[in-house]
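Chemist: The primary structure of each chain is shown beneath.
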Amino acid sequence: MTDESENEEINIQEMTTPELLELMQEDLYDGYADEVVEEVNEALARGMSPYDVLTQGLVAGMEVVGVDFRDGILFVPEVLMAAKAMKAGMEVLRPLLAETGAPTIGKMVIGTVKGDIHDIGKNLVVMMMEGAGFEVFNLGINNSVDDFLGAIAEHQPDILGMSALLTTTMPYMREVINALKAKGIRNDIIVLVGGAPLNEAFAEDIEADAYCRDAAVAVETAKKLIQIKRSKSRA
Amino acid sequence: MVENARDPLVIFMPSGRRGRIPRGQTVLAAARELGVAIESVCGGRLTCNKCRVRVEQGQFAKHGITSRDDHLSPASVEEIALLEALGSPEMRLSCVAQVQGDLLLFVPPESRGQQQVIRKAAGDQTIALDPAVRRVTALVDRAELGEHRGDWGRLRDALAEQWQLDARRIDLHALRQLQPALREGNWRVTATLWHDEVIDVSPGYERASYGLAVDVGSTTVAAYLCDLYTGELLATEAAMNPQVSYGEDLMSRISYAMTERSGLDKMHRAIIDTLNRLAAAAARKAGIPPRQIHEVVFAGNTTMIHILLGLSPVELGAAPFALASRDPLDVKARDLGLHLHPAANAHVLPSQAGHVGADNVGVLLAVEPYRGDEVTLTVDVGTNAEILLGCRDWHFSASSPTGPALEGAQITFGMRAAPGAIERVRINPETLEARFRVIGEPRWSDEWQIGPEVPAEEQPSYLAAGICGSGIVEVVAEMFLAGVISADGRFDTSRQHRRLRRVGGRPAYILATAEQTAMGKPIVITQDDVRNVQLAKAALYAGARLLMNRSGAERIDHVVLAGAFGSYIDPHYALVLGLIPDVAPEQISAVGNAAGDGARIALLNRQKRAEAAEVARWVRYVETAVDPDFQEEFVAALHLPHARDPFPHLEGVLPESAAIGPPRARRRRHPRQKGG
Chain A
0 MTDESENEEI NIQEMTTPEL LELMQEDLYD GYADEVVEEV NEALARGMSP
50 YDVLTQGLVA GMEVVGVDFR DGILFVPEVL MAAKAMKAGM EVLRPLLAET
100 GAPTIGKMVI GTVKGDIHDI GKNLVVMMME GAGFEVFNLG INNSVDDFLG
150 AIAEHQPDIL GMSALLTTTM PYMREVINAL KAKGIRNDII VLVGGAPLNE
200 AFAEDIEADA YCRDAAVAVE TAKKLIQIKR SKSRA
Chain B
0 MVENARDPLV IFMPSGRRGR IPRGQTVLAA ARELGVAIES VCGGRLTCNK
50 CRVRVEQGQF AKHGITSRDD HLSPASVEEI ALLEALGSPE MRLSCVAQVQ
100 GDLLLFVPPE SRGQQQVIRK AAGDQTIALD PAVRRVTALV DRAELGEHRG
150 DWGRLRDALA EQWQLDARRI DLHALRQLQP ALREGNWRVT ATLWHDEVID
200 VSPGYERASY GLAVDVGSTT VAAYLCDLYT GELLATEAAM NPQVSYGEDL
250 MSRISYAMTE RSGLDKMHRA IIDTLNRLAA AAARKAGIPP RQIHEVVFAG
300 NTTMIHILLG LSPVELGAAP FALASRDPLD VKARDLGLHL HPAANAHVLP
350 SQAGHVGADN VGVLLAVEPY RGDEVTLTVD VGTNAEILLG CRDWHFSASS
400 PTGPALEGAQ ITFGMRAAPG AIERVRINPE TLEARFRVIG EPRWSDEWQI
450 GPEVPAEEQP SYLAAGICGS GIVEVVAEMF LAGVISADGR FDTSRQHRRL
500 RRVGGRPAYI LATAEQTAMG KPIVITQDDV RNVQLAKAAL YAGARLLMNR
550 SGAERIDHVV LAGAFGSYID PHYALVLGLI PDVAPEQISA VGNAAGDGAR
600 IALLNRQKRA EAAEVARWVR YVETAVDPDF QEEFVAALHL PHARDPFPHL
650 EGVLPESAAI GPPRARRRRH PRQKGG
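Quick mapping for you: the protein sequence lines, in order, are chains A and B.
If you count the first sequence from 1, position 215 lands on 214 in numbering that gives the first Met the number 0, and the numbers rise without skipping.
If you count the second sequence from 1, position 195 lands on 194 in numbering that gives the first Met the number 0, and the numbers rise without skipping.
Derived by calculation from the structure, the hints in this document are not laboratory data.
Where hints are given, some of them may not hold.
[To be verified] One side of the interface only, derived from the structure: several residues of chain B facing chain A at Cβ under 10 Å:
hint : residue
1    : Val523
2    : Thr525
3    : Val634
4    : Ala635
All C-beta atoms in this analysis are idealised placements derived from N, C-alpha and C, irrespective of residue type, glycine included.
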């Protein structure tokens, strides 16, 4: 990759806006955070709305990352690099999005359940969800029923995500779901579960809404279920 | 004792131990003082004839002494008669002969006590034989009217007087034997002591004593039957851990104990049954009755030890992973349902932390990385890798979730190391053609003659059936060296080659062609296989790296690989893959089942048990999963061999693409590779 033609300086001001967005997506894919920030600023300078920069630039770029991750072309380090670039771009956009009152894609509270101290896989989900434009509240590891309920009361999320890496800790998810039922809020929230020892049958058994095999699937599932839920509530 | 230069100098051969001994002391007492073990049964009553020694005559310039017969007190009539009756008039009995002058004494093999015997164990260390079980014969005072010490009191006095042994307790089993044994043996009995407890009493003279060392692994249970009198390993027996049917890995077994009411009980009984069968099989092989097994020592991971002891492993299933006990434990084997000697002791080695157990302490005892000045990385690779890093001044330990990929699970064509498993792989970087070797067939696959026209005796003994741990390490490393995959683990899909195919839409490398396999279809390595190996090796590397960071060690001097996997892995490929940090390949060694060796060491030497307890407490355990740097280290270690750490010992070996390049040029257009 030391080819001369690939190292040429590019002047982004001379590009058309579609070219600029394409470059933003490519740089995001390659994890070039500084470049992504420059391109976000350039797009804003051209008068694009923060929401359009988010959806047509960053989220569109992360979608490709998600697909290639799902297909085994990209792996954890590359996805983390892309997510970092995404985060850098988001930092520019977030205050502007709040100001303009742009619609949010969705809110999520996520954590590893009590007794479990693993969180790399869950952190990947957090980054991919953020990459897809979700607002994510990451509770970290070892969360009790009360930790989850408290965060739900505070942030009013659309989605609750729970992760477990151990066969012995995954049953705790059932307790959290039972607590949601007891509080009468189970139907207000989409529950997604994931982690190495889980499978679809387990998710069904504990009455979660879906099991997500990996971070890419989590994003797809979250989007799909939110859409279904919103269309239902509109109907 | 303060040595007096005017006292005679006494030298024992062949041990060479020497010291000045006051005139008038018996040779036996001198030997004990100098740490020379001379067998003695009767304790100086001129009845057992076990303690014979020979005076070497003459001037010994090397030792600076003159040794003569008359430097011992003259033999009594009884001693001479006894020695003549035994056909060894040139000998003396050390229990009665007293030192009168300088002496060079030869202790013949039949007179040597247990402790001189030395056995080799892993890591070439020598184990001095000093078991917790000891059998001594004593002449006990007869019971008489008007004297009320009781037979146990009389035995205790005899042991103190004749053996300087302070017997404090007697097991009920031994107490039941005591009175008939004393009368049958005409008041001469052999007492079997475990530390200061009498566990057996039998009439007359007896020495045979055996012990069992066991490593209870999640998959395999290995038992080593040892002669506690000679230290010799008499028989080794292994069996599958029967708990496998209740759960493949530790967590599923804990889960079974959580969810199934009688789960713990079932698993406990299953392992005890297996242990009884192993003990019986080993005893049969050695030609001894299992009832003469006086002690058993256990190593094993914390979950296995909990279940073995009938302790619920539930607390080990979730943070904070609380152990019932971290300390070493001594219980009666009979309380566990083991059919050994009725009063046999079961010693359980200590643990370090929730998931660093007695097996790792066994590895420590066998490898002794805590003795050297140089930094040693000791790794026991299994579903969990236990990692030790340190030297004599400090030691850290960690447990890293490598998962089962390195053992062949989670790999499309993975299998256990068995005949037909691919264990060695070479890929020609020019042609991308592979050749391999399978277990059970010495020829490499490119020398195989296959096909219907080839006579049966020239066909390979086994066709390829799958790929085992060492083969998995080699194939991924070779694919990397040949450029089939890049340093980030991704297949180079720009290459066209008949070995490169798509399986289910994803790239894969054909390692064995259909005609080379037992199944008649090719063995492929898929993108997902490579990813699973990356995850496993990154967990191991990151664990080691975190311990380096924690200790401030900048390099590793030695790497010791324990466990079956470590014995077959080629150090070169371990480095190419980045399984472990950079080290000189010749400094990587394998020690096999070191946990089992550690149990054997503890069985043969009770001082080593104290050492194990001390070391287990001294090693500092690091919970890597919650270390703030774990994620970063893990991600960097996914790269082959590593995204950041240099591998100077691989200079000239790695492909150029793996070299860590200069910081990326700003604003570089980088055409995205669509869909690979």
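Chemist: Taking the hints in turn, state whether each one holds.
Modeler: To see whether the hints hold, each was checked on the structure:
{"no.": "1", "hint": "Val523", "in the structure": "violated (14 Å)"}
{"no.": "2", "hint": "Thr525", "in the structure": "holds (8 Å)"}
{"no.": "3", "hint": "Val634", "in the structure": "holds (5 Å)"}
{"no.": "4", "hint": "Ala635", "in the structure": "holds (8 Å)"}
Going through the hint list in order, the structure does not satisfy hint 1, though it satisfies all others.
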